[in-house]
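As given, the protein sequences belong to chains A and B, one line each in that order. With positions in the first sequence counted from 1, the corresponding number in the numbering used here is that position plus 24. With positions in the second sequence counted from 1, the corresponding number in the numbering used here is that position plus 24.
Hints are computed from structural coordinates only; laboratory data are not their basis. Quantities reported herein were computed from a predicted structural model and do not represent experimental measurements. Wrong hints could be hidden among the right ones.
Repeated chains share a single entry, so a pair holds when one copy, or any two copies, can fit it.
Said to hold, decoys possible - Here are the simulated EDC-like cross-link-like pairs (lysine to aspartate or glutamate), alpha carbons at most 20 angstroms apart as the crow flies: (1) Lys266 - Asp80; (2) Lys266 - Glu216; (3) Lys194 - Asp140; (4) Lys266 - Glu169; (5) Lys317 - Glu92; (6) Lys226 - Asp34; (7) Lys197 - Glu332; (8) Lys266 - Glu307; (9) Lys266 - Glu60.
2 protein chains.
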Amino acid sequence: MTINQQILLDNRPTAEARADNFRLASVEVPPLRDGEVLVRHHYLSLDPYMRGRMNDSKSYAAAQPLGEVMGGGTVGEVVESRAPRYQVGDTVAGMGGWQEYSVVDTSQPGVLRKVDTTQVPLSYYLGAVGMPGVTAWYGLVRICEPQAGQTMVVSAATGAVGSAFAALSKARKCSTVGIAGGPDKCRYATEELGFDACIDYKQHADAGALSRALRAACPDGIDGYFENVGGMVLDAVLPRMKTFGRIAVCGMISGYDGASIPLANPQLILISRLKIQGFIVGEHMQDWPAALKELSGLVAQGSLRPRESVALGLAAAPEAFLGLLRGRNFGKQLVKLI
Amino acid sequence: MTINQQILLDNRPTAEARADNFRLASVEVPPLRDGEVLVRHHYLSLDPYMRGRMNDSKSYAAAQPLGEVMGGGTVGEVVESRAPRYQVGDTVAGMGGWQEYSVVDTSQPGVLRKVDTTQVPLSYYLGAVGMPGVTAWYGLVRICEPQAGQTMVVSAATGAVGSAFAALSKARKCSTVGIAGGPDKCRYATEELGFDACIDYKQHADAGALSRALRAACPDGIDGYFENVGGMVLDAVLPRMKTFGRIAVCGMISGYDGASIPLANPQLILISRLKIQGFIVGEHMQDWPAALKELSGLVAQGSLRPRESVALGLAAAPEAFLGLLRGRNFGKQLVKLI
């Protein structure tokens, strides 16, 4: 008999998310039926979008039901199989959620995919070669439409999405500038991730000051901007956008806990003839194969070596998640379960 | 010897534009050189974009030089010609500016075009079958991407752009809803312009109330929105946008005099995966022929009969222009010169 530890959403946050919104539970793993496999999770992915699902209000993702296992991406290995296509020992990626094991009905298309760990570490399939990497690819390629010699900028630059964005943008011969919080992250962005420059937003008291720093780092203006943050950062970027600039809106983490984050000067959308587009990568599955192929190639050739923040043990997931929302992670936030 | 009355930009507004920013002048019409024609203007067009050009700050249009004739669209007739392609009596549209006559060098492509007044009144070439009409066409067709059965909304609904938008949207079998100021304009929008509904924003104290009125008028949500106004109206529209909705940003007249018009909830761009795009129709000349053809067809068949506000005499232009900025016009604002 196998015991499965789980983390459930116990109640919804009223403002900031808190650890006591979650609850730990233990259940027995049920016996498998035909077509099912049992996956033991090695890593659980923590991602900002999960904060939106904790609310009951309109968001882009369906609300996470109360009393159920928190949803989320996982990688692990098959430890028991009643599905002919899967063998014990196969390494797989799926959406197993915040728990140690998951039973997966493999007859549903797309719920589980085998992953090859000869050139790509297993955990990367939750980051650079997973949903965050494809997110960077889609926003850059399909919305920011980079051309060689143009300037591309990303906020939350050292996170899972930002790291992949840098490698993808440099591969297209774009000047690539990051925005991150703190000198360590900024140094890491330029020394390890390939950014041409990185601006520490914490060194700037307001949008005006941050905007001046952006002007120094992007003297020709910004052609494409990938937004993860919103608020002051977006206000600082907007005046620096070049005519016909493109902004991919992937996240606005500064507003996830309910803070008001108005956009100060929407007139600039007209003045600079900008295109601003929000997207969710799960709605663009047709682009995943090309994106994953490019991303795993960049990892294999050493141009994409993203950093990971690893919390240990399932019980550490809530605090690690809250840290992610506050920018305390450094690189892709994972929970290591085994 | 012909005397030409002109209105010059004398000084730049510090906040609201005022009549004393302008100055009346009289000059002699110079003798024509080869290739030139003398056009006597019948109508001068007044358009919101002119307010942006009065400022020296960054705008989408080059600043209007001080001490020079205010730029603007005109229609009139050729009264003297030293260009073989033009005969005295030809009716023409051009950018003659705020003056009674203009000398046009016809060797420059696109500065003057002959217009046919058998089915379309001359003044319409400044509105429905001119720049405002093409503006409506571009924003609707190229950005809002209407499909039959969808819901299209436009602010400043009874203006030159809004009138054309209604006819173009109805021709595409879209539910078409306007936003305008005052019961007379709203009644006119539904009774004469073909709007399915029109909301009087002046009846609503804040964005929340206006948004509730929009929900009642657009129970399925809004697929495409054409923005002329900004501010409270945009805040009211944004929550009503459907997933994957499109917003064409043509103007934000509520901010033209320097008022701060922050966008309250930019998070909705992400939540509803919106595309918001600013544009200036003069940068899309390739679409003008198709747009003008459709617009003149709609006029000829009687489906586009826009209203005009006509001020009399060049000296009335400044006050008529200030009225336009404050929404006191009703339909396309013109100055009749002859």
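Hints and how they fare:
Proximity of Lys266 to Asp80 under the C-alpha cut-off of 20 angstroms is restricted to the inter-copy arrangement: shortest distance 18 angstroms between copies versus 38 angstroms within a copy. Taking the closest pair of Cα atoms, Lys266 and Glu216 never come within 20 angstroms of each other, the shortest separation being 28 angstroms inside a single copy and 41 angstroms across copies. Neither within a single protomer nor between protomers do Lys194 and Asp140 lie at most 20 angstroms apart by alpha-carbon distance, with minima of 25 angstroms and 54 angstroms respectively. When the C-alpha separation of Lys266 and Glu169 is checked against a cutoff of 20 angstroms, the pair qualifies only within one copy, where the shortest distance is 14 angstroms, while the shortest distance between copies is 25 angstroms.
Taking identical chains as interchangeable, the C-alpha atoms of Lys317 and Glu92 are never at most 20 angstroms apart, the minima being 34 angstroms within one chain and 59 angstroms between chains. Proximity of Lys226 to Asp34 under the C-alpha cut-off of 20 angstroms is found in neither arrangement, the shortest distances being 34 angstroms within a copy and 45 angstroms between copies. In this homomeric assembly, Lys197 and Glu332 never come within 20 angstroms of each other (Cα to Cα): the closest approach is 26 angstroms inside a single copy and 52 angstroms across copies. In this assembly of identical chains, Lys266 and Glu307 lie within 20 angstroms of each other by CA distance solely across copies; the values are 15 angstroms between and 28 angstroms within a copy.
In the homo-oligomer, the alpha carbons of Lys266 and Glu60 never lie at most 20 angstroms apart, since the shortest distance is 52 angstroms inside one protomer and 38 angstroms across protomers.
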